[in-house]
Structure formats: C-alpha cells, structure tokens
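J.: Sequence:
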Amino acid sequence: MTIVVDASVGLKWFFVEAQSDLAYALLRGDEPLAAPSLIVAETCNAAWKAVRLRTMTPAQADCVAVDLSSLLNELHPIGPLAPRAMAIARRLDHPVYDCFYIALAEHLDSTLVTADSRLVRRLHRTAWARRLVDLTHYTAPKAP
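Residue numbers (this note's numbering): 1 to 144.
It is worth saying that the hints were derived from the structure and are not from the lab.
Among the clues, some could well be false.
What the hints assert, rightly or not - With a cut-off of at most 20 Å between alpha-carbon atoms, the simulated SDA-like pairs for lysine to any residue come out as follows:
no., residue 1, residue 2
1, K49, A59
2, K49, A18
3, K49, L92
4, K49, P32
5, K49, Y97
6, K49, C63
7, K49, S20
8, K49, E17
9, K49, V66
10, K49, W13
11, K49, D67
12, K49, P77
13, K49, F15
14, K49, A65
15, K49, D62
Produce the complete structure using the sequences and hints provided.
T.: As structure tokens, this is what we get:
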C-alpha cells in the first residue's frame, strides 16, 4: 500500500531532530511513498527558515531542494486535488495546504503519515482520522 507523507516527515529526512529515526524507517520500508507536489515548496520553505535560524546549514537546505523529490515514489500534481482539499479545509476549518495531503490519501485510498501534532489533533474524531497516522505510532506492515 502506498503511504502519503507530508512536509513534517520530509524535513526529518534532511534535518536530524526528534523522530528523524522514524522518518528514516519510512524510507527504508517496502511501501511506496507519495505526496502532493506541494511537499517540495513546504519542505524547502521550512529549510529556508531553518537556515535563517541557523539550525540548518545552507548546504543542507540545498540538499532538500535537490533530493526531496527523488526520495518519493510518487509526486502528484496539486491542481486535481485542489477542489477536494478546499472542501476538506472548509469542513475542518483548517489550513488548506495540510488538506492537500488528506485529499491525496483519500484519492489513493491510503494512509497519511505525519509528524504534525496540530494536524493530528485537528483530525481526531473526524471522518479523516482513520486515514491519519502520527509518525510516532507508525509501524510498517508485516511481510506475508
């Protein structure tokens, strides 16, 4: 099954912080990883901010820009996801950029793995909660 990941997970592949080991485990797993193309902009923006705060080097940020796309098996255009992402955002009263990841998980009938605690809290007890897994609770499916 394909796993959708968001920018909160993608950044951990380049910047050692809490839960980076769990994010690396996703890369080493057998499940294909997918994301809306928005992940590139969001992760690069987070890297830019980290450089400004001097918690990431410019070279690390450049690696994000160059290498992120190659770590994903599927990068989906956001245009076709926009109507559903907007509908989810209105329903949840939550920023639409997070909802692109939820819309892709729906489209792929997949799970979204995130390290975004705000998103986890927002989806708790909603119809989308079954599609979301906090990175700290993700375990790869066992091989048959």
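J.: Each of the hints needs a verdict: does it hold here or not?
T.: Right, here's what the structure says about each hint:
no. : hint      : in the structure
1   : K49 - A59 : 14 Å, holds
2   : K49 - A18 : 18 Å, holds
3   : K49 - L92 : 27 Å, violated
4   : K49 - P32 : 29 Å, violated
5   : K49 - Y97 : 18 Å, holds
6   : K49 - C63 : 15 Å, holds
7   : K49 - S20 : 18 Å, holds
8   : K49 - E17 : 15 Å, holds
9   : K49 - V66 : 17 Å, holds
10  : K49 - W13 : 16 Å, holds
11  : K49 - D67 : 18 Å, holds
12  : K49 - P77 : 24 Å, violated
13  : K49 - F15 : 12 Å, holds
14  : K49 - A65 : 13 Å, holds
15  : K49 - D62 : 13 Å, holds
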